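Student: For reference, the chains in residue letters:
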Amino acid sequence: MHELGVVFHCIKEVNRIAAENNIKRVNAVVVEIGEVSTVIPYLFEDCWNWAVKKETVLKDAAIKIEKIDAVTHCENCGDNYPTVEYGKTCPYCKSENTYLVTGNEIIIKQIEASDDE
Amino acid sequence: MDKIRIIEVKQSVFADNNAQADELRKELKNQKTFLLNLMSSPGSGKTMTLKGIIERLKGKMKIGVMEADIDSDVDAKAIAETGARAIQLHTGGMCHLDAYMTRQGLTEFGTNDLDLVVLENVGNLVCPAEFDTGAVKNAVILSVPEGHDKPLKYPLMFEVCDAMIINKIDVLPYFDFDIEKVREYARMRNPKLKIFPISAKTGEGMDELCRWLENEVRKWQGELVF
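Protein chains in written order, with this note's numbering: chain A, 1 to 117; chain B, 1 to 226.
Since the hints were made in silico from the structure, they are not lab data. Hints may contain errors.
[Unchecked claim] Lysine to aspartate or glutamate pairs mimicking EDC-like chemistry, simulated, CA-CA at most 16 Å apart:
(1) B:Lys51 x B:Glu204
(2) B:Lys60 x B:Glu223
(3) B:Lys192 x B:Glu159
(4) B:Lys201 x B:Asp170
(5) A:Lys88 x B:Asp149
(6) A:Lys88 x B:Glu214
(7) B:Lys10 x A:Glu112
(8) A:Lys67 x A:Glu32
(9) B:Lys192 x B:Glu216
(10) A:Lys12 x B:Asp16
(11) B:Lys137 x B:Asp22
(12) B:Lys10 x A:Glu105
(13) A:Lys64 x A:Glu85
(14) A:Lys67 x A:Glu96
(15) A:Lys109 x B:Asp16
(16) A:Lys64 x B:Glu8
(17) A:Lys109 x B:Glu8
(18) B:Lys62 x B:Asp113
(19) A:Lys24 x A:Asp60
(20) B:Lys181 x A:Glu96
(21) B:Lys60 x B:Asp207
(22) B:Lys3 x A:Glu105
(23) B:Lys153 x A:Asp46
(24) B:Lys10 x A:Glu66
(25) B:Lys26 x B:Asp115
(26) B:Lys32 x B:Glu214
(27) B:Lys137 x B:Asp162
(28) B:Lys10 x A:Glu32
(29) A:Lys88 x B:Glu184
(30) B:Lys3 x A:Glu112
(31) B:Lys194 x B:Asp162
Quick caveat, the model's predicted, so the values are computed rather than measured.
Only chain A is shown next, with the shape it has when bound in the complex (with noise of 0.2 Å):
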C-alpha cells in the first residue's frame, strides 16, 4: 500500500518533467530506492507497472530500480559500517553515536524518452 502512494508520487513527478523537456513519450524510468527507504523493490516495481498502464506520456513505461547500499557513519570511532546487518550500534566501537549516511532515498535518477510519438 505504501509503496503505491510512492510509485503515485513518482509519476507525477515524471510526468511534470515530461513536460517541463516537452517529452511526448517516456520509456523508461530509473529510481534509485535506499536499502532501508521503507519502499520494498519488488512491490514497487508491481504497483508501477499496475499504475503505468492508466498513464498517456508514461504508458507502459518500463521501471529500472537501482539499489543505494545503506551505510551508517559512527561519531566516535570515525568508521563507517553496513546499517542492515548493525543497526544503530557500531560493530567496532559499540557506541550507539551513530548517524546514516546513505540509504533512505527514494531517487528519480533518469528519464528516458523517445522524441517520436
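Starting from the known structure of chain A, arrange chain B on it as the hints suggest.
Tutor: Relative to the frame of chain A, chain B by itself:
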C-alpha cells in the same frame, strides 16, 4: 527508429510534495491557523486523546479536526459530538495523506476562522512519516500496549515528530512497558522530542500536553507567550 533521449533527473520522489507542503505552511501562517499532524498506530487512542484536547482548549480557541481514513466516518462523528468542527477525508485506499490531499481537505473545510486544525492521519507508523503534510508540528501517539520498542522499529516516525504522546499510562502496571526505555530510544533518534505521558481516559497528563499545544498555537499566531 525512435530517437532516444536520456534525461538525468537525480531528484527525490518527495521533492514536489515537500515544496507543496512549504507553500501550504506559508498560507497557514498568513491565516494564523496552526495545523497539527497527529499520527499513530490504529487503536492507540487518537480520537479519544483529541476529544480530551478539544474539551480543554475549546473555550480558548476555535478548533477543527480533519479525520483521514481509508473509508469510514466513525471518527468524524465521535469528534462532532464534542462540538468541534469535523470533516472526514477518505484517502481511497492510500496509507497516508500528502500535502495535496491535506490542502484539498483544508479548502473543503474552510479554515480561515480556525486557530487550530488537527489532522488525524491514517493509523500507521510507516507511511505518514514519509510525507510532509504541510503541518506546523507533527506528533505521534504511542500507547502502552504497543510496547516500548516502537521507536527502534519505526525510527523515521520518531525523527520527524516534534512531540511523542505516550497514551494509556493508566494500564502501565499490566504491561512490560518501560517508560524510561521508550524515552531513551526516542531521544536517541530525536534529542529535541517533547514527551508527554498521558491517559486520555483518566485525564492524567492532559493539562501539560494542552499547555504545550496552546503555547505552540500562540507562537505560530505571533503572540508573545511565556
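Student: Next step is simple, just say for each hint if it's right about the structure.
Tutor: Cross-check of the supplied hints:
1. B:Lys51 x B:Glu204: 14 Å, holds
2. B:Lys60 x B:Glu223: Distance of about 14 Å is within 16 Å: holds.
3. B:Lys192 x B:Glu159: 9 Å, holds
4. B:Lys201 x B:Asp170: Given that 16 Å is the threshold and the Cα spacing comes to 8 Å, the pair holds.
5. A:Lys88 x B:Asp149: 14 Å, holds
6. A:Lys88 x B:Glu214: Cα-Cα ~35 Å, so violated.
7. B:Lys10 x A:Glu112: 13 Å, holds
8. A:Lys67 x A:Glu32: 6 Å, holds
9. B:Lys192 x B:Glu216: 15 Å, holds
10. A:Lys12 x B:Asp16: 9 Å, holds
11. B:Lys137 x B:Asp22: 12 Å, holds
12. B:Lys10 x A:Glu105: Measuring from Cα to Cα gives roughly 11 Å; hence the hint holds.
13. A:Lys64 x A:Glu85: This hinted pair is violated, its Cα atoms lying about 25 Å apart.
14. A:Lys67 x A:Glu96: This hinted pair is violated, its Cα atoms lying about 26 Å apart.
15. A:Lys109 x B:Asp16: Answer holds: Lys109 (chain A) to Asp16 (chain B) is near 15 Å, not above 16 Å.
16. A:Lys64 x B:Glu8: With Cα atoms ~14 Å apart, Lys64 (chain A) and Glu8 (chain B) stay inside 16 Å; holds.
17. A:Lys109 x B:Glu8: Holds. Lys109 (chain A) to Glu8 (chain B) sits at ~6 Å (cutoff 16 Å).
18. B:Lys62 x B:Asp113: 7 Å, holds
19. A:Lys24 x A:Asp60: Holds. Lys24 (chain A) to Asp60 (chain A) sits at ~13 Å (cutoff 16 Å).
20. B:Lys181 x A:Glu96: 15 Å, holds
21. B:Lys60 x B:Asp207: 13 Å, holds
22. B:Lys3 x A:Glu105: 31 Å, violated
23. B:Lys153 x A:Asp46: 25 Å, violated
24. B:Lys10 x A:Glu66: 13 Å, holds
25. B:Lys26 x B:Asp115: Holds - the C-alpha atoms of Asp115 (chain B) and Lys26 (chain B) are around 15 Å apart, at most 16 Å.
26. B:Lys32 x B:Glu214: Answer holds: Lys32 (chain B) to Glu214 (chain B) is near 13 Å, not above 16 Å.
27. B:Lys137 x B:Asp162: Distance of about 6 Å is within 16 Å: holds.
28. B:Lys10 x A:Glu32: Answer holds: Lys10 (chain B) to Glu32 (chain A) is near 9 Å, not above 16 Å.
29. A:Lys88 x B:Glu184: Answer holds: Lys88 (chain A) to Glu184 (chain B) is near 13 Å, not above 16 Å.
30. B:Lys3 x A:Glu112: Holds, because 10 Å separates the two Cα atoms, which is no more than 16 Å.
31. B:Lys194 x B:Asp162: Holds, at roughly 6 Å.
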